[in-house]
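Asks: Chain by chain, the residues run as shown.
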Amino acid sequence: MRHFQQELELLKAKLLEMSALVESAIYRSVQGVVEKNAELAHHVLNNEARINQLEIEIDDFAISLLALQQPMAADLRLITASIKINNDLERMGDLSVSIAQSALALVKEPLIRPLIDIPHIAGLAQGMVRKALDAFVNRDAELARSVLVSDDAVDNMRTASYHELISFMEANPQHIAQAVYLLSVVRNLERIADHATNIAEDVLFLVKGIDVRHHNEEKTALAHT
Amino acid sequence: MKLRTKDLKFYYGTFEALHGITIDIPANKITAFIGPSGCGKSTFLRTMNRMNEAMRNTRVEGEIQLDNENLLSMDVTDVRRRVGMVFQKSNPFPKSIYDNVSYGLRVNGIKKKSVIDTAVERSLGRAALWSEVKDKLHKPALALSGGQQQRLCIARALAVEPEVLLLDEPCSALDPIATLKIEELLFSIKDITTIVIVTHNMQQAARIADSTGFFLLGNLIEFNDTKTIFSNPSSKETEDYVTGRFG
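Keeping their order, the protein sequence lines are chains V and L.
Counting from 1, position 91 in the first sequence corresponds to residue 91 in the working numbering; the numbering is continuous, with no gaps.
Numbering-wise, the working numbering comes out as the position in the second sequence, counting from 1, plus 1000.
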């Protein structure tokens, strides 16, 4: 294997290490809320520094590859996609920290009502993250496309949960604080799903060289008809 | 389209070096050809001003059109005037800078000094050399640096106002600064001439060309806009070449 190919493998390996940390942060923060487990939530807070550090390392490495190797074609797409995926992963890490902080606030008092749809939304968002990263590892365009489809379902569930929580707050103003934390968890999960969507879009660019962001594909297709 | 070839084949003796190249080269654009050594890109370039005919035991089949005229049946002197060429190794005549640039004009029968003076200044200006040589026009061209000599050869080619300028590895013997000057001058003369360049330097093709063609083993594997060739080529062979998997 050429030296440059080895460097690209190293870039991928670092990105996978980052993915594993972020996936675990998402899982632990969600379990922190669902199981009211402060220990898991603290774990997330403690791991954030490593994720931030890796973000810097990956960007630095990717930029040095761009500068020194002048990559072309698939290699160029891999490096630019890695920079963007890196950024999305770090944001997901931040969102997990927010969820963990909500978890720590929620463990202090008994939940007034069941956790609405949070476990369900979390399951969907985590599935999207898993699939987006698997699509990256296996360069699987079909799997990446399936992530894009799931995003609408998560958006709909977020909206439904918002309505439900607002009604709850109107009826139970003494529990507004708790409802606000739950609202925040729902919002952060929906954002995680958005970042998973971004990663899936980057994977499609990496594998196929097409840009599907902001319905660009449909627009391009229309322009050619 | 400025230049067009259809099923162009070229033979060195019995060896078929080009296997039927069909391409349309647009006017006032920079078109680059890349590919590993021996792929036929220089041979192809030379067929476009019939420079290959100078070699014995060679043969062309197929069509080449310059502005929809059959280039293969034109008067060869006309072809060379309309389609200029610059080579890898700069080759100024052992004459003064002025005489080098004015040579083509004199050969074409222009005698009036004021006309020649104007053309020399204009050509040296276009080749981004005027300011460096204007006070030593009658000094020997061979006293110039390598990069200056190559720009002089471009000025010499431009003096007869060719419609097409062919360049075969024009920067491969030059340092990065001299290379940059040549690339900049190619950009600046695009509006007056059609440029076709063969280069081993992929970054150079990526920097300057509007369209790029990839040659391999006598075939034109892919011809596309340069951004596509270097970011998302359609052919596996192009992909392997531009990413350095082979070649």
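No lab work stands behind these hints: they were computed from the structure.
Every value quoted in this text rests on a predicted model; they were computed, and no experiment measured them.
From the three backbone atoms N, C-alpha and C, an ideal C-beta is built for every residue, glycine too.
Be a bit skeptical, because a hint or two may be false.
Residues of chain V placed beyond 10 Å of chain L at every Cβ, according to the derived structure [said to hold, decoys possible]: (1) 4; (2) 17; (3) 23; (4) 43; (5) 70; (6) 77; (7) 108; (8) 112; (9) 117; (10) 138; (11) 149; (12) 163; (13) 209.
Below, in silico cross-link-like pairs of lysine to any residue (SDA-like), each with a Cα-Cα straight-line distance of 25 Å or less [unchecked claim]: (14) L:1181 x V:70; (15) L:1136 x L:1074; (16) L:1227 x V:69; (17) L:1190 x L:1118; (18) L:1236 x V:4; (19) L:1227 x L:1094.
Asks: Beyond 10 Å on every Cβ pair: is that true for residue 70 of chain V relative to chain L?
Replies: At about 6 Å from chain L, residue 70 of chain V fails to clear the 10 Å cut-off, so the statement is violated.
Asks: Against chain L, does residue 149 of chain V keep a CB gap of more than 10 Å to every residue?
Replies: 24 Å, holds
Asks: Determine whether the non-interface label on residue 23 of chain V survives the test: each CB of chain L must be over 10 Å from its CB.
Replies: Answer for residue 23 of chain V: holds, closest chain L Cβ roughly 30 Å.
Asks: Going by Cβ atoms, does residue 4 of chain V stay more than 10 Å from chain L at every point?
Replies: Check fails; 7 Å does not lie beyond 10 Å.
Asks: Holds or violated: are the alpha carbons of residue 1236 of chain L and residue 4 of chain V at most 25 Å from each other?
Replies: It holds: about 19 Å lies between the C-alpha atoms, which stays within 25 Å.
Asks: Against chain L, does residue 112 of chain V hold up as non-interface, every C-beta pair farther apart than 10 Å?
Replies: 54 Å, holds
Asks: Does the claim that residue 117 of chain V lies off the interface hold, with its Cβ farther than 10 Å from every Cβ of chain L?
Replies: 41 Å, holds
Asks: Residue 1136 of chain L and residue 1074 of chain L: Cα distance at most 25 Å?
Replies: 38 Å, violated
Asks: Find the nearest Cβ of chain L to the Cβ of residue 209 of chain V and say whether that gap is larger than 10 Å.
Replies: Nearest chain L Cβ is 3 Å from residue 209 of chain V, so the label is violated.
Asks: Is the nearest Cβ of chain L still more than 10 Å from the Cβ of residue 17 of chain V?
Replies: 25 Å, holds
Asks: When you check the alpha-carbon spacing of residue 1227 of chain L and residue 1094 of chain L, does it fall within 25 Å?
Replies: 41 Å, violated
Asks: For residue 1190 of chain L and residue 1118 of chain L, compute the direct alpha-carbon distance and say whether it is at most 25 Å.
Replies: With Cα atoms ~21 Å apart, residue 1190 of chain L and residue 1118 of chain L stay inside 25 Å; holds.
The structure shown violates the earlier hints numbered 1, 5, 6, 13, 15 and 19.
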